[in-house]
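Visitor: Here are the chains, one letter per residue:
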Amino acid sequence: MLQLPILGQVDRRTALKAAGAMLGAAAFAKAVAPIVEWASQETSADEFLQKHFKQLSGDELAQVIRRLEAETQEEYGAEVTISDVRPQPGVKFGYALNLSICIGCRKCAEACHQENNHDRASGNSYIRVLEMDQGSLDLESGTADYDHPVPQPDKFYMPVQCQQCDRPPCVNVCPVEATWKEDDGLVVVDYNWCIGCRYCEAACPYHARRFNWTKPEVPTAEINPNQGYLSNRIRPQGVVEKCTFCLHRTRAGRLPACLEACPTGARVFGNLLDPNSEISYVLRTKRVFVLKEELGTRPQFFYFFDT
Amino acid sequence: MLHRRSAAIFWGVLVLAGFLGVAAVLAVSATTGVVRTGGQGGPADVAAEVVPSPTPRFSTTIVGASEAPGIPTGEVDVLGKPVLANCTTCHATREANLTTREGRQLQEFHQGLTTTHGEQQCVACHNPGDYSQLRLASGEAIEFTDSLRLCRQCHGPQYRDYEQGAHGGMTGYWDLSRGPRTRNHCLACHDAHAPQYQSVMPVFRPRDLPPRSHREDHP
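The listed protein sequences correspond, in order, to chains W and A.
Taking numbering that gives the first Met the number 0, I'd label the letters of the first sequence as residues 0 to 306.
Taking numbering that gives the first Met the number 0, I'd label the letters of the second sequence as residues 0 to 218.
What the hints contain is simulated information worked out from the structure, not anything from laboratory work.
Note that this is a predicted model, so its numbers are computed, not measured.
Every residue gets a Cβ at the ideal spot worked out from N, C-alpha and C, and that includes glycine.
Keep in mind that a hint or two might mislead.
Covered stretches of chain A, going by a simulated chain W footprint (3 or more residues, C-beta under 8 Å) [what the hints assert, rightly or not]:
1) 162 to 173
2) 186 to 194
DEER-style ranges, computed between Cβ atoms [as the list claims (entries may be wrong)]:
3) W:140 / A:80: 39 to 45 Å
4) W:134 / A:113: 51 to 57 Å
5) A:145 / W:53: 20 to 26 Å
6) A:202 / W:134: 37 to 43 Å
7) A:82 / W:219: 43 to 49 Å
8) W:288 / A:136: 52 to 58 Å
9) W:197 / A:57: 41 to 47 Å
10) W:304 / A:119: 22 to 28 Å
11) W:86 / A:60: 25 to 31 Å
12) W:220 / A:195: 37 to 43 Å
13) W:84 / A:101: 40 to 46 Å
14) A:72 / W:220: 41 to 47 Å
15) A:66 / W:219: 37 to 43 Å
Construct all of the structure, not just a fragment, from the sequences and the given hints.
Guide: Encoded structure:
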């Protein structure tokens, strides 16, 4: 049985991380070198020497992005634009899902797969849709690979993706600070800094993180060229990735791909800080709940039933 | 995009394709007043900071409303489009039957119309004085293109959610100060006569799950 970290231990872990940071970047790079080597045979010197995202100057980031675009051109034959849209002041993203409306068609999971340039062979997606017994809210008892007409009369359907927690256990366990929470609430990963240790994957109570076992394969024609440095750019092998509420779209004012793909209108997205937004309306008028509230993770993803 | 409603109807003799297919588009203004119902229960910690709503500069378009209705005659015009018979072609000379409430009762025409929408008479929605129009409970006749008003009078809670963007979905921009939005009319998802949302086969079966036995060890 896999032991999920207990939240009370977060402090100790943070302390350890701070101690680790004092070793200095060079010592650290040396320590992780074998892992990096294992994770990607093709790591270029530039990539390896790249600084942490938050320490990159504007020029340096532009240079990194140009390099990544060129690599995508070379390895995947696709011309893509990688952007780094920053959080907008006054915006904090929230997402809500109406479980009385969702029929479990999995169109959201499919749209995620396409939008986020997921590996085609493994059929990866940041969304798992669980078929659950009416009356139960036990995530672990849901089935994800159901294959019959939906909705079934005695079931309901619960899509689960990153909950963008305000107290994200995944962020706290990262030994190298390759994952963090941004000002608009989105939890992101710098794929070029991630060492692939997968602590975060184990720490997430929602099973929302994914590990790239192989170099993602996406046919050139299917590559989504609208990419974000911290979101859907094609990830290197051996790193962890996750849902970012499609920040390359949502920070530009657009709706997430999974919401647009939903044929039933079960999903509601928007700015929690705007009292007139659709999401604020839902929080004000519906009896919303969050998953595994007892863990104290403070998800910014809400569920509700129409009653 | 969503013409599920047609699937629910079995028209014995008539070909419906093309009739329902064309979506009428009406543009409505982007925002409406906020309904404050005082519902409690939203988590207290979410909106610590409150910012003024951005001014919506783009509009919302609703697609999938009914067009002015007609019944395909089976003929096509020179452009290959089906020729439609106006409702009034037949009904102008017929006394409306105010008691009809089920598809099964229709013997002479409209055979096969499925009605699973409460236990309502046809004229709860159709205007018996002029079948090319609908009629509200108040007696006011309205055009088919205006059918949102019809649904609204009996489904207040869903309509309110819809108006607030919490029922019926959308595409485009969450931020209307940066781009427009498109929404579906009720009829794009709900057939007027058999409104329950139809069941479907799920797509995209996950392949990245660990095998079952393994999964039981690792919930």
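Visitor: Take the hints in turn and mark each one as holding or not.
Guide: Hints, one by one, checked against the model:
{"no.": "1", "hint": "162 to 173", "in the structure": "holds (count 11)"}
{"no.": "2", "hint": "186 to 194", "in the structure": "violated (count 1)"}
{"no.": "3", "hint": "W:140 / A:80: 39 to 45 Å", "in the structure": "violated (53 Å)"}
{"no.": "4", "hint": "W:134 / A:113: 51 to 57 Å", "in the structure": "violated (31 Å)"}
{"no.": "5", "hint": "A:145 / W:53: 20 to 26 Å", "in the structure": "violated (54 Å)"}
{"no.": "6", "hint": "A:202 / W:134: 37 to 43 Å", "in the structure": "violated (27 Å)"}
{"no.": "7", "hint": "A:82 / W:219: 43 to 49 Å", "in the structure": "holds (47 Å)"}
{"no.": "8", "hint": "W:288 / A:136: 52 to 58 Å", "in the structure": "violated (36 Å)"}
{"no.": "9", "hint": "W:197 / A:57: 41 to 47 Å", "in the structure": "holds (43 Å)"}
{"no.": "10", "hint": "W:304 / A:119: 22 to 28 Å", "in the structure": "holds (27 Å)"}
{"no.": "11", "hint": "W:86 / A:60: 25 to 31 Å", "in the structure": "holds (29 Å)"}
{"no.": "12", "hint": "W:220 / A:195: 37 to 43 Å", "in the structure": "holds (38 Å)"}
{"no.": "13", "hint": "W:84 / A:101: 40 to 46 Å", "in the structure": "violated (55 Å)"}
{"no.": "14", "hint": "A:72 / W:220: 41 to 47 Å", "in the structure": "holds (44 Å)"}
{"no.": "15", "hint": "A:66 / W:219: 37 to 43 Å", "in the structure": "holds (41 Å)"}
Hints 2, 3, 4, 5, 6, 8 and 13 from the earlier list are contradicted by this structure; the remaining hints agree with it.
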